[in-house]
Amino acid sequence: MQTKQRKRWKISTVILLILFIVISIFALFPLVAITLASFKPSKEILRFGLNLSLQPEVLSFDNYAFIFSGASEYFIWYKNSILITIISTILCLLLSCMVGYGLAVYDFKFKNLIFGMVLVVMMVPVEIIMLPLYKLTMNLGLMDTLIGAFLPFIVAPIPIFFFRQYAAGLPRDLLDAARVDGSTELGIFFKVMMPLMAPAFSSMAILQALASWNNFLWPLIVLKSSDKLTLPIGLSTLLTPYGNNYDVLIAGSVLAIIPILIVFIFFQRYFIEGMTAGGVKG
Amino acid sequence: MERKKKLSNLLYSQKIAPYFFVLPFLLSFAIFFAYPVFSTVVMSFQEVLPGQVTFIGLENYKDLWNPTFLKSLKNSTVYTALTLCVLIPIPLLLAVFLNSKIMVAKNFFRSIIFIPALTSVVVAGIIFRLIFGGQEGALLNSIIGIFGFEPKAWLNNAGLSMFALVILATWKWMGINLLYFLAGLQNIPRELYEAADVDGASTWKKFTNVTVPLLKPITIYVFTISIYGGYSMFAESYMLYGNNNSPNDMGLTIVGYLYRNGIEQNNLGFGSAVGITLLVLTFVITLVQLSLSGMFKKEE
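Chain order of the listed sequences is U and R. Numbering-wise, my numbering puts 541 at position 235 of the first sequence, and it's gapless, one number per residue. Numbering-wise, my numbering puts 686 at position 195 of the second sequence, and it's gapless, one number per residue.
Don't read these hints as lab results, they were simulated from the structure. Cβ coordinates follow ideal geometry from the N, Cα and C atoms, glycine included. Watch out, some of these pointers could steer you wrong.
As the list claims (entries may be wrong) - Just a sample of chain R residues kept apart from chain U, beta carbon distances all over 12 Å, derived:
1) Gln543
2) Tyr552
3) Asn557
4) Pro580
5) Gly650
6) Met653
7) Tyr684
8) Glu685
9) Ala687
10) Ala692
11) Gly733
12) Asn752
13) Ser784
What the hints assert, rightly or not - List time: in silico BS3-like cross-link candidates among lysine-lysine, alpha-carbon distance up to 25 Å:
14) U:Lys415 - R:Lys506
15) R:Lys565 - R:Lys643
16) U:Lys349 - R:Lys643
17) U:Lys530 - U:Lys441
Whole structure, please, built from the sequences with the hints as guidance.
Structure representation (structure tokens):
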């Protein structure tokens, strides 16, 4: 009986293993394919499309050499993306943390109303307000500026929600202790409470940076001149009806994934905490 | 002296402090949310031309009844429905498998399946544009060629291009939905399964009687965000076709139509009417779906 049970388990384990290997191949295959393609001359891609035939004699670093030669604007876009990602992530975390903390720690008159407003922002697809935002950004003189590309979304509902949950779990005694010691309310926040929220910062920072790095629709609307574009928008301009610059496009795509992949490998846990933060209520 | 004291009182006041903390949200809400929402409602009743705004009542909404908008509506609806069919049951089942005791290398597989979610839609679009290329030697064509099928012009055929869009969505979002379900599974108390074991319940019984009902809140959440995601899809189609113009508009979505009218043709009034329609649509669907799933009835 015992052995029979164990044997059956083994078979089902093998079946599951095969299933997950197949799915893993499905997940990784496109990324492997494009990485291989980035080492092929773009003429080859144009003629035959992306394929898996590996001919060592045509493997080349030309695409990467071209990007690194600085002949294209690729690294300007890269720089813009890094700049926007860093600035918007820091601002977003700081501001959202303040709001989440305020909602969690204090009792005040419009608390529930304001939290309701946070939920409403979370529920309305941003695409709907793109046009009035476009008009507003134009009136504010922020069109085609890096600031305009992230300012409207700098206070984001999901981080607020997450920080509120996190701050609600912090010990309130600390607040009173700090007050007795004569701290101002702001001082308590910056010196006592914010350091305690460090784990929340890690997961939200990674999530926010990912979202900013990959953001598409709004930067597409705001940014126009080619030296202002972010990486995704820059890459998207290379796809044109008159022909595609596959040399930059493919190698550029690979280079666009690499930083996130590295961050993911080191900070997996925070990625996953951040991702599931919105969905699961403890 | 008196003034200084007031200022320091301000810094110590527990009454004022919360308003200071939520101020960034209030400002951003007013400027970048409430005003735009109000403004888009107003604009949807106007003809907005440079330097000249005319109130035209329901004219924009009447104009919405045209073949191109209906096509975008249909495309978005079909896309949303298909992604729901794929991206709810499959990740749910995979999460249950991945969470089971007999599975090995759980964290490894979870991470691998999650990796596509890290890529931007732009990069994903470039990759799938190449995979679904029309050339005989393009990736998918060479694969189906092995099985003796003729090469197909994937992105030039309405049905096939929808298939490409759904595959792209499956690739990109499977890992995230899997993660949601895994998180939900971890919140189910182990004792419930032990109790079911004592009652001699089969694996299938445990799945239908314990797992599925207890995953309901998370399933509703995934369902809701998938509907929003499906109806607001734009970038995937934009990238797959290289711009917002697919042959015969076969990849045009509602947001694509909004973008075309509002940004490309600078017709803000009409574009706003498209936006309001999208808002009403997603709102109604969510309400119906929430009430069907009993969300309003017996939630404590």
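>> Run through the hints listed earlier and report the numbers of any the structure violates, in increasing order.
In response: Those not satisfied are hints 11, 12.
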